[in-house]
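2 protein chains.
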Amino acid sequence: MTAQDTITRADTIKMDGADPIAHLRDRFALPEGDIYLDGNSLGALPHGVMERLEVAVKDEWGNGLIRSWNDADWYPAPQRAGTAIARILGADDDEVIVCDSISVNLFKLLVGALRMRKDRKIIVSEIGNFPTDVYINQEVADIMGCELRCVMPEEVESAIDDAGIDLALVQLTHVHYKSGRIYDMAGITKLAQDLGALVIWDLAHSAGCLPVQLNACNADFAVGCGYKYLNGGPGAPAFVFVARRHFDAMNQPLRGWHGHAEPFAFTQDYKPHPTIDQMLTGTASQLATLALEKAMEVFADVDMTVLRQKNMALGDLFIALVEQELDGMGFGLASPRDAERRGSQVSLTHENGYAIMQAVIARGVVGDFRAPDILRFGFAAPYVRYVDIWDAVAHLREVMETGEWRRPEFNEKRAVT
Amino acid sequence: MTAQDTITRADTIKMDGADPIAHLRDRFALPEGDIYLDGNSLGALPHGVMERLEVAVKDEWGNGLIRSWNDADWYPAPQRAGTAIARILGADDDEVIVCDSISVNLFKLLVGALRMRKDRKIIVSEIGNFPTDVYINQEVADIMGCELRCVMPEEVESAIDDAGIDLALVQLTHVHYKSGRIYDMAGITKLAQDLGALVIWDLAHSAGCLPVQLNACNADFAVGCGYKYLNGGPGAPAFVFVARRHFDAMNQPLRGWHGHAEPFAFTQDYKPHPTIDQMLTGTASQLATLALEKAMEVFADVDMTVLRQKNMALGDLFIALVEQELDGMGFGLASPRDAERRGSQVSLTHENGYAIMQAVIARGVVGDFRAPDILRFGFAAPYVRYVDIWDAVAHLREVMETGEWRRPEFNEKRAVT
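Taken in order, these protein sequences are the chains called A and B.
For the first sequence, this note's numbering assigns the number 2 to the initial residue and increments by one for each residue that follows.
For the second sequence, this note's numbering assigns the number 2 to the initial residue and increments by one for each residue that follows.
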């Protein structure tokens with residue numbers, strides 16, 4: 002820092018020099034010249050994934066064909082990928098499995114958990130939760146004859162209290178997809194469990210960026226995403242966590258043959274597998290599962306508390322630079338200022354947010370936009386550098402100063418924002 | 002044929018010479034020396050799929066990153082792959098979409114269809130239907146307060162009659178996974194519809210081997226498999242068909258954001274997309290979907306009636322050779338002898354079926370085993386030759402004559418049969 006506490010580009014280069022996990026960046030194939038701040042939406046490509054897919058396609062599928070379910074160990078791939086994920090979530094190796102999408106897994110958990118609390122009728126969730134979570138919550142509430150109470154984030158604890166012994170379930174997204182705000186997992190879990198209820202956490206924006214401690218928090222259930230901070234590839238399969246103490250009581254409704262105790266007995270009566278395998282439904286895409294399994298090697302030797310320190314520092318730097326460089330340009334802060342209360346992203350508001358985001362993307366600074374006015378910038382600590390934050394804010398400044406964002410091409414809506 | 006009507010290997014080579022679709026075999030990367038008769042379980046690798054995945058991984062994911070949802074047209078991949086499949090199923094281009102697994106899609110259709118027939122309480126299905134179908138049928142019947150009546154195949158029509166105006170749904174697998182027996186799609190559909198009911202067909206063993214005529218049969222709904230005769234790769238995503246006349250009334254329960262009318266508005270209220278897109282739930286694996294889309298190019302110029310003639314002829318040849326070469330060795334025929342009533346596979350029974358199958362697989366003749374005593378041989382017409390049938394039966398004969406199947410290693414159970 003200079004005497005005036007102004008942050009310079011040279012300062013950020015120094016920060017990179019002192020970064021204990023700077024070497025992780027070499028594990029990714031990143032596009033030349035871009036600054037990628039959207040790992041919270043689609044993680045970057047880890048080296049080795051393409052090679053793994055070549056073996057999977059040419060040797061295992063092409064030559065091994067059906068034999069590869071045994072000979073290439075395809076069959077236990079969902080369990081292996083699950084174990085790799087369990088290790089960065091504070092879960093036991095056999096409590097996580099990879100399958101389906103978050104939406105589908107959430108449906109399984111919601112129905113299964115409500116069946117464990119048959120005499121209770123209230124589900125508490127958040128207004129502003131990720132849309133899929135709300136849609137699935139509402140649908141399951143209707144099917145199961147329950148009441149879904151969506152409340153403002155600051156009202157969650159009192160809504161739990163109000164529900165009392167009628168509370169069946171709490172379903173929350175740990176880190177909010179727009180703001181990055183973090184819920185107190187341990188506190189809310191205890192509050193709900195003290196009333197005899199269960200809690201389902203959506204870890205879409207937590208897994209791979211926070212040292213989640215599922216078992217230390219006594220968590221019941223969780224789902225999460227393979228394609229964000231876990232870098233499993235576009236639309237990678239999701240994961241699902243069930244605390245071992247619930248294996249026997251869980252009775253999930255998407256009963257497919259892969260969740261059966263003896264899938265290859267081909268019996269007509271469903272008997273759920275006694276382990277986490279009971280959460281499986283149909284046959285999983287091997288290409289997708291093996292890519293995610295390979296991508297998880299990035300985390301094999303990473304201390305998640307060190308990684309977390311870095312993404313908090315990256316976020317703090319971003320906020321400081323936005324205030325230093327973009328003052329008076331109409332940006333607001335939509336994320337908690339306190340890094341401890343924020344995931345690995347910082348969201349800004351701006352009335353021209355959509356066009357501004359398109360303009361910086363055209364310059365190779367890739368974040369994303371969430372309606373109505375949110376510019377999201379994600380700081381995947383394994384590959385984002387401190388100097389990238391400096392350069393990103395410099396581009397934002399230029400886009401604003403030049404009025405570049407007003408160009409018609411940046412104001413055209415695209416299929417995917 | 003010789004004077005005694007004995008079929009010789011030379012005869013089968015002549016049949017290959019006269020095969021109008023023999024050239025399709027060049028579209029696949031097949032393992033040297035093997036005879037692959039398990040395309041009904043996992044289709045072979047089409048040339049071009051590996052190259053498509055390389056572009057998808059290195060260029061689109063690695064370099065394009067999140068931008069590829071727009072720039073590489075990832076977003077409409079489920080629709081494009083669906084259109085390619087629709088064209089070989091006698092459906093309109095916009096009535097089929099690729100997503101999730103058969104089990105998950107069946108759940109969507111069953112609940113959705115029952116909601117269209119709220120006053121009716123009976124579902125008719127088959128004893129011996131593929132296990133996943135039975136499990137999901139039973140689960141949905143329980144959730145929706147309906148009665149599932151599973152009957153023997155020959156009793157399906159009378160069970161439909163018996164249910165009368167209480168009949169809500171019929172759910173059948175068009176071609177049976179073990180025997181290959183084909184249901185009369187047009188006849189059963191009409192029978193059920195005449196009572197005001199709906200029908201859901203599972204096309205797992207039909208798509209890519211029969212000239213399915215969904216709209217000519219006035220079909221309501223169907224699901225099917227991407228990894229068998231469509232050659233989409235291990236665990237490839239499934240497809241789902243909804244007749245356009247049902248788009249408005251369908252109300253499927255796995256409400257994810259990709260099925261929303263405006264996914265990127267991120268609203269809290271679910272509004273189903275007015276098209277086939279409403280069947281989507283979460284984000285699909287792009288790698289899996291793009292591989293299936295590429296694989297479908299195999300069928301782009303194929304006349305399905307010509308392909309069907311060939312797989313019927315391959316099956317007839319197999320049965321004739323089994324009778325000629327394996328007489329008195331304990332094999333029984335578990336498939337219809339009449340090719341018109343049989344899908345693209347022939348199943349044999351044998352009390353030592355498991356070990357015999359392992360022994361021929363060790364010789365490179367790859368079929369599969371289904372408990373308790375079924376040896377399945379699938380004849381994927383795009384890449385199976387007539388001479389392969391001769392050679393496969395010759396290996397079976399040698400395995401029996403030498404007693405090779407008695408070896409301990411062929412009698413050990415493996416994870417996946």
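Treat the hints with caution; some may be incorrect.
The list treats identical chains as one, so a pair stands whether inside a single copy or across any two.
Unchecked claim - Pairs of lysine-lysine residues, derived as DSSO-like cross-links and limited to a Cα-Cα distance of at most 30 Å, are as follows:
1) K179 / K59
2) K122 / K191
3) K59 / K119
4) K179 / K119
Simulated from the structure, these hints should not be mistaken for laboratory data.
Source: prediction; values computed, not measured.
May I ask which of the numbered hints given earlier this structure violates, with the numbers listed in increasing order? Structure breaks hints 3, 4.
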